[in-house]
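Turn these sequences into a full structure, and let the hints guide you.
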Amino acid sequence: MNRPYALLRTLALGSALLTASGCTDHELLKQELQQAAAKQEQIKTYRFSGHAELALDASLFEGMLPMTAALLSLFKDSRIEYKGAASLEAPIRMEADITVKPKGADAIELPLLLQDNKLYIHIPALNPSGEYLLFPLQESEKLQNTGRLSALLSERLLQGVKPEWIEEAEDTPPADAASKRRIISVTKKNQQEVEAYLSSVLPALLEEMVKNGLGTPAQAQEWTSAAGRLQIQPPGSLALEISKDGYLEGQEGKLFLSTDAHPERQHGITWSYRTTEINQPVGFTREIPAKVKTAEDLMKGLPAPK
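All letters in the sequence shown, in the order written, are residues -20 to -1, 1 to 286 by mature numbering (1 follows the signal peptide of the UniProt record, and there is no 0).
Keep in mind the hints are simulated off the structure, nothing from the lab. Any given hint could be a false lead.
Stated by the list, open to error - Below are the DSS-like pairs computed for lysine-lysine, each with C-alpha atoms no more than 25 angstroms apart in a straight line:
hint, residue 1, residue 2
1, LYS24, LYS98
2, LYS10, LYS234
3, LYS63, LYS98
4, LYS234, LYS81
5, LYS19, LYS63
6, LYS56, LYS234
7, LYS56, LYS98
8, LYS273, LYS168
9, LYS160, LYS234
10, LYS142, LYS234
In structure tokens:
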């Protein structure tokens, strides 16, 4: 064989391999996310923490009932932090501490407990110290399907995501060096495609939520209609972390929206969510409150409608 030709061919092959090794396999990245999403069904116990920051324009609440609009307006510029623990094995139990920090106002602490098919929450504006609101859960057995539902919703959401939307997060490594971090981005280039995809998949996601007791068909229709009036604005992103054990253990996102009625006004949401101690023993500490008030008790204390 001609030695110069052989050398040239070897160099060409080596260059091709180097080029290929430097390319991102977007299909593989998507498969990794889908496999991690499917594994969510195996999660039975865990601790969780996270936050959400809201920067919403008041125009978002136009057309709502006055009381609803007034309540939501309290949180239009706020930070919400939460942490807690959950067990999805019967009997289902969850405890959480939620802190709402409205801009320019004092923080609001909302301790919560779900136990024995009852939800207890202390709301300072409605309850004196030590008292909790009590809400019986009519279909609490469906909460045992939370892991399966989480896996199903994640799989459905990822199913139609285009592989080229997914990248490796090289600039922001995961909290755990053994984990993998993947980013789905909304850019000017794919904005319309992402928006069209989310609009097409939302009804199916809401249908699954209704089947599992999270809302009614009427509410699902209302949410779909409301979402149809929103437009996604770039830049946006969703970073997902896959643990060394293959679970979706964390996410960070930012989303900017506008509405048909006021396209010039932007609404921003950023959030994070992390699970730890997956399928490890959970040491719950919150006890069932001794003093409770039901929704009926609360209504009795309100003035009669005129």
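For each hint, the structure was consulted:
1. LYS24 x LYS98: At roughly 19 angstroms apart (the allowed maximum being 25 angstroms), LYS98 and LYS24 satisfy the hint.
2. LYS10 x LYS234: 20 angstroms, holds
3. LYS63 x LYS98: 19 angstroms, holds
4. LYS234 x LYS81: 19 angstroms, holds
5. LYS19 x LYS63: 22 angstroms, holds
6. LYS56 x LYS234: This hinted pair holds, its Cα atoms lying about 16 angstroms apart.
7. LYS56 x LYS98: Violated, at about 29 angstroms.
8. LYS273 x LYS168: Violated - the C-alpha atoms of LYS168 and LYS273 are around 50 angstroms apart, more than 25 angstroms.
9. LYS160 x LYS234: Answer holds: LYS160 to LYS234 is near 19 angstroms, not above 25 angstroms.
10. LYS142 x LYS234: Given that 25 angstroms is the threshold and the Cα spacing comes to 19 angstroms, the pair holds.
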